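J.: Single-letter residue listing:
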Amino acid sequence: MTPQPKLDLDPEAVRTARRLAARAAEPIIEMARTHTTVSVERALLRLAGLAGADADGRPWVNHLADAVRGQVGLEHGVALPVWDALLTGPHESLAELARAAARGRVRFRLPAGDAARAARDAARAAARAGIDRIDARRAERDRLLGQVGDPPHPWIYLIVATGDIYEDIPQAQAAAREGADVVAVIRSTGQSLLDYVPEGATREGYAGTYATQENFRLMRAALDEVSRELGRYVRLTNYASGLCMPEIATLAGLERLDMMLNDCMYGIIFRDINPRRTFIDQRFSRQIHARAGIVVNTGEDNYLTTADAVDAAHTVIVSQLLNERFGHEAGLADAQLGLGHAFEIDPSLPGSFRLELAHAQLVRELFPDAPLKYMPPTKHMTGNIFAGYLLDAFFNLAGVMTGQSIILIGMMTEGIHTPWLSDRDLALENVRYVRDACGDLAEDFAPRPDGFIVQRARRVLAEAVDLLARIADDGLLNAIADGTFGVTRRPPDGGKGLDGVVERADGYFNPAIEILDTEDPHAAARAQEEVPA
Amino acid sequence: MTAATPGSTAARTPAEAGTRQVIRPYGDTTGDGMVQLSFTLPVPAGERAEAAALQLAAKMGLDPASVVHAKAMGPHFTFFIVYGRVSHLIDYAAIPAPPEREYPLLSAQEVNLAIRSALGRRLVVVGACIGTDAHTVGIDAILNVKGYAGEKGLEYYREIHVVNMGAQVTVEELVARAKAENADAVLVSQVVTQRNAHLHNTKQMAAAFHAEYPTAVAAGMGRPLLVVGGPRFDTVTAEELGVDRIFGKGTTPSEVASYLVHALLPREAAP
Numbered sequence: 301m302t303p304q305p306k307l308d309l310d311p312e313a314v315r316t317a318r319r320l321a322a323r324a325a326e327p328i329i330e331m332a333r334t335h336t337t338v339s340v341e342r343a344l345l346r347l348a349g350l351a352g353a354d355a356d357g358r359p360w361v362n363h364l365a366d367a368v369r370g371q372v373g374l375e376h377g378v379a380l381p382v383w384d385a386l387l388t389g390p391h392e393s394l395a396e397l398a399r400a401a402a403r404g405r406v407r408f409r410l411p412a413g414d415a416a417r418a419a420r421d422a423a424r425a426a427a428r429a430g431i432d433r434i435d436a437r438r439a440e441r442d443r444l445l446g447q448v449g450d451p452p453h454p455w456i457y458l459i460v461a462t463g464d465i466y467e468d469i470p471q472a473q474a475a476a477r478e479g480a481d482v483v484a485v486i487r488s489t490g491q492s493l494l495d496y497v498p499e500g501a502t503r504e505g506y507a508g509t510y511a512t513q514e515n516f517r518l519m520r521a522a523l524d525e526v527s528r529e530l531g532r533y534v535r536l537t538n539y540a541s542g543l544c545m546p547e548i549a550t551l552a553g554l555e556r557l558d559m560m561l562n563d564c565m566y567g568i569i570f571r572d573i574n575p576r577r578t579f580i581d582q583r584f585s586r587q588i589h590a591r592a593g594i595v596v597n598t599g600e601d602n603y604l605t606t607a608d609a610v611d612a613a614h615t616v617i618v619s620q621l622l623n624e625r626f627g628h629e630a631g632l633a634d635a636q637l638g639l640g641h642a643f644e645i646d647p648s649l650p651g652s653f654r655l656e657l658a659h660a661q662l663v664r665e666l667f668p669d670a671p672l673k674y675m676p677p678t679k680h681m682t683g684n685i686f687a688g689y690l691l692d693a694f695f696n697l698a699g700v701m702t703g704q705s706i707i708l709i710g711m712m713t714e715g716i717h718t719p720w721l722s723d724r725d726l727a728l729e730n731v732r733y734v735r736d737a738c739g740d741l742a743e744d745f746a747p748r749p750d751g752f753i754v755q756r757a758r759r760v761l762a763e764a765v766d767l768l769a770r771i772a773d774d775g776l777l778n779a780i781a782d783g784t785f786g787v788t789r790r791p792p793d794g795g796k797g798l799d800g801v802v803e804r805a806d807g808y809f810n811p812a813i814e815i816l817d818t819e820d821p822h823a824a825a826r827a828q829e830e831v832p833a
Numbered sequence: 027m028t029a030a031t032p033g034s035t036a037a038r039t040p041a042e043a044g045t046r047q048v049i050r051p052y053g054d055t056t057g058d059g060m061v062q063l064s065f066t067l068p069v070p071a072g073e074r075a076e077a078a079a080l081q082l083a084a085k086m087g088l089d090p091a092s093v094v095h096a097k098a099m100g101p102h103f104t105f106f107i108v109y110g111r112v113s114h115l116i117d118y119a120a121i122p123a124p125p126e127r128e129y130p131l132l133s134a135q136e137v138n139l140a141i142r143s144a145l146g147r148r149l150v151v152v153g154a155c156i157g158t159d160a161h162t163v164g165i166d167a168i169l170n171v172k173g174y175a176g177e178k179g180l181e182y183y184r185e186i187h188v189v190n191m192g193a194q195v196t197v198e199e200l201v202a203r204a205k206a207e208n209a210d211a212v213l214v215s216q217v218v219t220q221r222n223a224h225l226h227n228t229k230q231m232a233a234a235f236h237a238e239y240p241t242a243v244a245a246g247m248g249r250p251l252l253v254v255g256g257p258r259f260d261t262v263t264a265e266e267l268g269v270d271r272i273f274g275k276g277t278t279p280s281e282v283a284s285y286l287v288h289a290l291l292p293r294e295a296a297p
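For the record, the sequence lines run as chains A and B. Last residue of the first sequence: 833 (this note's numbering), numbering continuous. Last residue of the second sequence: 297 (this note's numbering), numbering continuous.
Chain A with its partners taken away, still in its complex shape (with noise of 0.2 angstroms):
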């Protein structure tokens, strides 16, 4: 299904956009295979099925790997001191060992010999079997796919934020019987400041509802419940961002989620996140998302709601470019990088719609292979909602005519409240309004040779190229640091988080990172299609 190139862009151009990505990438993907962090260590004991919290709601993870971590430091991994103890101590789990280290009564130490590789095995017969989990819920998806059926594109993806999940359920339910092929969840306002994972069903939070594990399971089996009951997979989303990426990433894979905010840059710039630690937990992250057979979403609109939508859109296809190296590096399949942008211009401004268009087309034809995903006006919805309507139509309509893949359904009374039950319904009616009225317009649309919209494109993609060179050279850490995106400066020792990055001694070891490191994370999936039905 690769779209019809329409703007007759420079191959020589784009090739040394990507070439240029690609060498500001390495130095960040070089620290990230040398660095591991507190959460990427969390991440292997949840995988290895260590679940649950102490009565004050401190997850046994983190108290499993402070431990670890106060007693022979994280340098060299939590797998060979945690399953060292667990062989040689009188603990028969990791909840229990869990349990004794959070008050004080285990010893941990860093095995040598026998006692290492003893540890070593151990611990990869734990990581395997969660990622052996992960793979039958991947190949439980595709089943699902195969049995309910797949929507075809664009999908139309529908937020649900009631802080309460038992809220959030029957208004998921509900958004998919309207219509919605996609179900995100948005997480608690501070969820990604947080460095631990809440735990069990959660019925408060601030403007969206805390990503548990629990709640994963929850919203997923209700999700299951109303596709087989429409004859069409209903995708859930959440956020794999913050200071627990890592962990989140892993749980959504346990739960079969879907679609996964993942974005390169978006910790570091609108939460003030580390950016060391944002990268390390980020390649992590994407490999169990490459593994899991989840789309990641990115953030790029997100830039278009602090700088100017016009002055800044090749800012939005540099950090495309570097969200494509860096998912691919991490094994992301083009098929799972849900590349963002955004219909945020000024619509005082004359020919806005022209400029939204060119912006589309031109992110459409750098990546057709990927399922684009993008976001409603919300910079310039005012309270007017009835102006807000009708913003949202031309940005369904720019949706439909430049093929987006996923389309973010867009409320009349965005930044007025979260979603009512009617902003909802009425959002879809706008939507499958243009859908029906002219869903197939893509195959008309041909913009003038030479003519406004194609050279804006190209100025976009020179801009955005001009940019990568500059950023290449002078390294992103410093880019980032000079306030290159989203107008904000984040310096590469600022931010929050940085305390639980650790450089890796020799002899790390991690056996969840040696099975994504070395194993092709579409193999189990593409073995599975290749068996006749």
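There may be inaccurate statements among the hints.
To be verified - Stretches of chain B that chain A covers, calculated by requiring three or more beta carbons in the stretch to come under 8 angstroms of a beta carbon on chain A:
{"#": "1", "region": "97 to 105"}
{"#": "2", "region": "161 to 167"}
{"#": "3", "region": "182 to 196"}
As the list claims (entries may be wrong) - Quick list of the computed label-pair ranges, beta carbon to beta carbon:
{"#": "4", "chain 1": "B", "residue 1": "S64", "chain 2": "A", "residue 2": "R503", "range": "27 to 37 angstroms"}
{"#": "5", "chain 1": "A", "residue 1": "D608", "chain 2": "B", "residue 2": "A206", "range": "56 to 66 angstroms"}
{"#": "6", "chain 1": "B", "residue 1": "G274", "chain 2": "A", "residue 2": "R503", "range": "20 to 30 angstroms"}
The set of hints was computed from the structure by calculation and includes no laboratory data. Predicted, not measured: the structure shown is a model, and the values here were computed from it. Here a beta-carbon is modelled for each residue, glycine too, at the ideal position from N, C-alpha and C.
Chain B: place on chain A using the hints.
T.: Positioned in the frame of chain A, the structure of chain B alone reads:
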């Protein structure tokens, strides 16, 4: 129905009769009283649902009212658009002019311009959640670029240098950092606390700053401006706490930025 005719309202307030200015909503004719509203009822669509919608409209003072649109939203909900004539009257003259904010609300550009022209350097703001409160929702809403209520946080302002120290910061750490950064203003958030700890923490913080800057004349003159925010400060005054300003629930970043300009910069610099 308690709504009265214009005549009877006048009879009740004879003293103000000369200055009354009675208004009602305007559709397309003066005095028609027409309003539009939309709402959802948690019942299946149908005639009974419409009767319920009309009864609601009547109870809201719409007489006559008509349902112009009713649509099922799934099996359990119905959405309505209703038009009707309200019988309520408003005496516009009796509406007091709203108390003015002690400072004008400025756009980000205006704030940046005011700082640039008055200070010739960036305004330094140090923010933190002090005490045991781990909820950074409030301070992050005001400081993070992400912002709050559709407004970007103070980090977005080019002329404001933000140092966000995060949660569980001690008063000593806060004072030390404010000194080291040469802070113009200190923002403290207290969201979730037990037993008035937020009041105690704030007083302790204010006392520490006053002790640290004994020769200060006023906020911005020898010591940083002290601002505290949170949902549970409505029983106390800034003076009682020893701070310069309290912000309550729902405060947006631009209100804080505008206040900083008002409180810290010479008046003529503000646009």
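J.: Now, for every hint given, state plainly whether the structure supports it.
T.: Hints and how they fare:
no.: 1; hint: 97 to 105; in the structure: holds (count 5)
no.: 2; hint: 161 to 167; in the structure: holds (count 5)
no.: 3; hint: 182 to 196; in the structure: holds (count 4)
no.: 4; hint: S64(B) / R503(A): 27 to 37 angstroms; in the structure: 29 angstroms, holds
no.: 5; hint: D608(A) / A206(B): 56 to 66 angstroms; in the structure: 34 angstroms, violated
no.: 6; hint: G274(B) / R503(A): 20 to 30 angstroms; in the structure: 26 angstroms, holds
In this structure, only the earlier hint numbered 5 is contradicted, and the remaining ones agree with it.
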